[in-house]
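Peer 1: Could you build the full structure based on these sequences and the hints that come with them?
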Amino acid sequence: DSGVTQTPKHLITATGQRVTLRCSPRSGDLSVYWYQQSLDQGLQFLIQYYNGEERAKGNILERFSAQQFPDLHSELNLSSLELGDSALYFCASSVETGAGTQYFGPGTRLTVL
Amino acid sequence: DAKTTQPPSMDCAEGRAANLPCNHSTISGNEYVYWYRQIHSQGPQYIIHGLKNNETNEMASLIITEDRKSSTLILPHATLRDTAVYYCIVRPFQETSGSRLTFGEGTQLTVNP
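Just so you know, the protein sequences line up as chains A and B, in that order.
Be aware that the first sequence starts at 1243, since it is given in our numbering, and climbs by one per residue.
Be aware that the second sequence starts at 11, since it is given in our numbering, and climbs by one per residue.
It should be emphasised that the hints constitute simulated quantities derived from the structure, not laboratory data.
Heads up, some of the hints might be wrong.
Far from chain A, some chain B residues (derived; all Cβ distances over 10 Å) [unchecked claim]: (1) Met-20; (2) Pro-31; (3) Ser-35; (4) His-59; (5) Pro-102.
If you want a taste of the chain B side facing chain A, the calculated C-beta under 10 Å gives, among others [claimed, not checked]: (6) Pro-18; (7) Cys-22; (8) Ser-51; (9) Gln-52; (10) Tyr-56; (11) Leu-90; (12) Gly-114.
The calculated lysine to aspartate or glutamate pairs, modelled on DMTMM-like cross-linking and capped at a C-alpha distance of 25 Å, are [said to hold, decoys possible]: (13) Lys-1299(A) - Glu-1324(A); (14) Lys-1251(A) - Glu-76(B); (15) Lys-79(B) - Asp-21(B); (16) Lys-62(B) - Glu-41(B); (17) Lys-62(B) - Glu-115(B); (18) Lys-1299(A) - Asp-77(B); (19) Lys-62(B) - Asp-77(B); (20) Lys-13(B) - Asp-1282(A); (21) Lys-1251(A) - Asp-1313(A); (22) Lys-1299(A) - Glu-41(B); (23) Lys-62(B) - Glu-76(B); (24) Lys-62(B) - Glu-1338(A); (25) Lys-1251(A) - Asp-1282(A); (26) Lys-79(B) - Glu-24(B); (27) Lys-13(B) - Glu-76(B).
Heads up, the beta-carbon is just placed ideally off N, CA and C, and yes, glycines get one too.
Peer 2: In structure tokens, the structure reads:
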């Protein structure tokens, strides 16, 4: 158990819908990272927040957005969902920003029908 | 970040040592070697990292060649639970402007009974 929690574990929705994925980092960690893993793209970095501020952006679509709240939990919002958004979404956390040692949660499996 | 090359798959007998190689010939002086693994559809798990000296922890040992162009992750007594995809990542220890882990294809290690 990494100490990072993600909810929900599974999410099934339809195209065009909007969903919110939630992540709680390890106690004491200020940085949160979001990654997407699909069959054809592998593990891809999406976005990073540190203490409430966006610090780095990867290949995140404009339909996707994220935020980190004062209690340090983070939410990833996915809107206008397409079939290709079906993937595993992982959250990771670290104590400091820019750390190479990151602790990953169990992931949320999103299925868009 | 430096590019890494890993064999796509390896097999190992249970109880024997698993030696996973990684080539990183373009590594820079400030870049560390990190290893993560991902057991089927679970969140990636940090294993170990190092700069130039050999490192050991409760999970594995990391051997980095003197010229730092390659490294080997050693699982001393592989078990069936070590079956996973192992990722070698080269990057700075800490990046002040934010961070990401860039995952390649990794090595699928299969431990056989």
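Peer 1: State the violated hints by number, sorted upward, taking the hints as numbered earlier in the document.
Peer 2: Going through the list in order, the structure violates hints 4, 5, 6, 7, 11, 14, 18, 26 and respects the others.
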